[in-house]
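When we follow UniProt numbering, the leftmost residue of the sequence shown carries the number 1, and every step to the right adds one.
Since the hints were derived computationally from the structure, they do not count as laboratory data.
Hints may contain errors.
Below 27 Å or equal to it, Euclidean Cα-Cα: the simulated DSSO-like pairs (lysine-lysine) are [stated by the list, open to error]:
hint : residue 1 : residue 2
1    : K133      : K259
2    : K259      : K179
3    : K71       : K84
4    : K333      : K259
5    : K84       : K133
6    : K345      : K333
The following label-pair restraints were derived from C-beta to C-beta distances [what the hints assert, rightly or not]:
hint : residue 1 : residue 2 : range
7    : Y263      : M339      : 17 to 25 Å
8    : F17       : K345      : 43 to 51 Å
9    : G387      : I131      : 47 to 55 Å
10   : Y178      : V312      : 15 to 23 Å
11   : V223      : G6        : 22 to 30 Å
Here a beta-carbon is modelled for each residue, glycine too, at the ideal position from N, C-alpha and C.
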Amino acid sequence: MARLLGTLRSSQPVARFQRSCGLFPAGEEGGGSGDPAEGPRERRACNGAGALRCPAGSGRAVPGPQDCTQKYIVKNYFYYYLFKFSAALGEEIFYITFLPFTYWNIDHSVSRRMIIVWSIVMYIGQVSKDILKWPRPLSPPVVKLEMRTNAEYGMPSTHAMAATAISFSFFIATMNQYKYPFELGLAAAFVFSTLVCLSRLYTGMHTVLDVIGGALISAGLLVLLYPAWDTIDHLLLTSPFCPLFSIVVPLVLCYNYPKLDYYSPTRGDTTTILGAAAGATVGFWLNNQYAASAYSSTSVQPGFALLTSALVFVLARFLVGILVVLLTRWAMKSLVLGMLGYRYKFPLGDLAARRRLEVEVPYKFVTYSCVGFTATVVVPLLHELLGLL
Numbered sequence: 001m002a003r004l005l006g007t008l009r010s011s012q013p014v015a016r017f018q019r020s021c022g023l024f025p026a027g028e029e030g031g032g033s034g035d036p037a038e039g040p041r042e043r044r045a046c047n048g049a050g051a052l053r054c055p056a057g058s059g060r061a062v063p064g065p066q067d068c069t070q071k072y073i074v075k076n077y078f079y080y081y082l083f084k085f086s087a088a089l090g091e092e093i094f095y096i097t098f099l100p101f102t103y104w105n106i107d108h109s110v111s112r113r114m115i116i117v118w119s120i121v122m123y124i125g126q127v128s129k130d131i132l133k134w135p136r137p138l139s140p141p142v143v144k145l146e147m148r149t150n151a152e153y154g155m156p157s158t159h160a161m162a163a164t165a166i167s168f169s170f171f172i173a174t175m176n177q178y179k180y181p182f183e184l185g186l187a188a189a190f191v192f193s194t195l196v197c198l199s200r201l202y203t204g205m206h207t208v209l210d211v212i213g214g215a216l217i218s219a220g221l222l223v224l225l226y227p228a229w230d231t232i233d234h235l236l237l238t239s240p241f242c243p244l245f246s247i248v249v250p251l252v253l254c255y256n257y258p259k260l261d262y263y264s265p266t267r268g269d270t271t272t273i274l275g276a277a278a279g280a281t282v283g284f285w286l287n288n289q290y291a292a293s294a295y296s297s298t299s300v301q302p303g304f305a306l307l308t309s310a311l312v313f314v315l316a317r318f319l320v321g322i323l324v325v326l327l328t329r330w331a332m333k334s335l336v337l338g339m340l341g342y343r344y345k346f347p348l349g350d351l352a353a354r355r356r357l358e359v360e361v362p363y364k365f366v367t368y369s370c371v372g373f374t375a376t377v378v379v380p381l382l383h384e385l386l387g388l389l
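Can you build the whole structure from these sequences, using the hints too?
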């Protein structure tokens with residue numbers, strides 16, 4: 001078993017998967033594209049948080065070099081674009097579009113359950129990375145296609161965790177509310193999570209064990225949370241302490257995030273997720289306490305029908321909503337960062353200052369809690385005003 005785990009944790013299986021999908025380092029035998037007009041692509045790659053070295057006599061591991069440059073050649077563009085797209089399904093662009101879409105066009109209860117599960121799973125995954133401090137695959141032999149997340153540790157893969165949590169919580173939450181074949185829903189959830197998991201191998205960001213571990217942890221958390229779904233949902237909608245709890249607890253978790261010897265984007269990403277969930281949760285509670293539900297079940301069910309008028313309403317709600325959400329994010333980022341810059345006396349372009357705890361946490365938490373609140377309260381009111389319900 002130890003030998004198997006060691007193999008799954010090594011970089012070689014990742015490199016072999018990349019080669020089998022037509023992704024090669026430039027100059028490797030068999031890596032030529034066969035197209036004279038198609039030269040090798042260049043990508044800055046490094047071994048990031050996991051590439052640890054021990055300075056002589058220090059007895060302490062510190063981050064490895066971050067400035068190596070790697071060229072790679074793509075021989076199969078189908079896999080290249082498939083897995084690049086699949087990797088984006090675990091990024092902010094997906095969360096900020098799909099999660100609000102379910103709230104505006106599918107079902108409030110489905111959206112609430114997905115957001116709660118997603119935030120819990122992602123927090124546990126992000127914290128686990130910085131506690132375990134397992135390295136990401138080494139480059140070489142692996143080709144790395146992403147830079148930002150390379151500064152993080154590897155185990156578990158939070159892309160795998162998020163994909164498993166979102167796809168299967170959506171499936172579980174809808175299978176008893178809407179009529180569709182059980183096998184089709186299960187297959188869709190499995191394909192979605194599998195594509196995201198495989199994309200982490202293709203992009204060279206995780207070992208096989210990272211991906212398997214992330215998926216299994218997420219599945220285990222789903223099993224533990226499922227029996228409490230209705231109870232948690234009821235408390236979030238009815239408890240008078242919900243707004244206070246939803247703001248204070250995530251803030252405490254963000255300010256007490258595990259400390260590292262160097263900067264990693266995991267704390268900022270965790271703050272973004274918890275902030276968005278906090279704002280959305282306050283919005284859920286406020287809607288239930290002081291306003292009728294903006295979208296009744298009868299009004300959203302046609303979104304599943306292949307009727308032109310229904311699809312037009314779905315598209316209109318989404319476009320109006322996402323425009324307002326993106327404008328809110330832009331405005332709050334500028335406002336909050338400007339206020340913090342004035343308070344702590346740093347220019348807005350000072351990246352090092354923006355990474356400080358006293359700046360990064362309030363900046364991202366306030367910005368994304370406003371995004372979550374806007375998506376659940378302001379946008380539905382605007383839809384009602386525009387007659388899009």
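So, going through the hints one by one against the coordinates:
Distance check on the hinted pair: K133 and K259 sit about 12 Å apart at the alpha-carbon level, within 27 Å; holds. Between K259 and K179, the direct Cα distance comes to roughly 47 Å. Violation of the 27 Å bound is thereby established for this hinted pair. Taken as a hint, the K71 and K84 pair is honoured in the structure, with Cα atoms around 17 Å apart against an allowance of 27 Å. For the hint pairing K333 with K259, the CA-to-CA distance comes to about 24 Å; that is within 27 Å, so the pair holds.
A C-alpha spacing of about 26 Å is found between K84 and K133, which places the hinted pair at or below 27 Å, so the restraint holds. At roughly 17 Å between alpha-carbon atoms, K345 and K333 fall within 27 Å of each other, so this suggested pair holds. At roughly 22 Å, the beta carbons of Y263 and M339 sit within the given window of 17 to 25 Å. For F17 and K345, the Cβ-Cβ distance of about 49 Å falls inside the hinted range of 43 to 51 Å, so the restraint holds.
Separation of G387 from I131 is about 50 Å and conforms to the stated range, judged on CB atoms against 47 to 55 Å. The given range of 15 to 23 Å is respected by Y178 and V312, whose C-beta atoms sit roughly 21 Å from each other. As the Cβ distance of V223 to G6 is approximately 28 Å, the hint placing it in 22 to 30 Å holds.
The structure does not agree with numbered hint 2 stated previously, though it agrees with all others.
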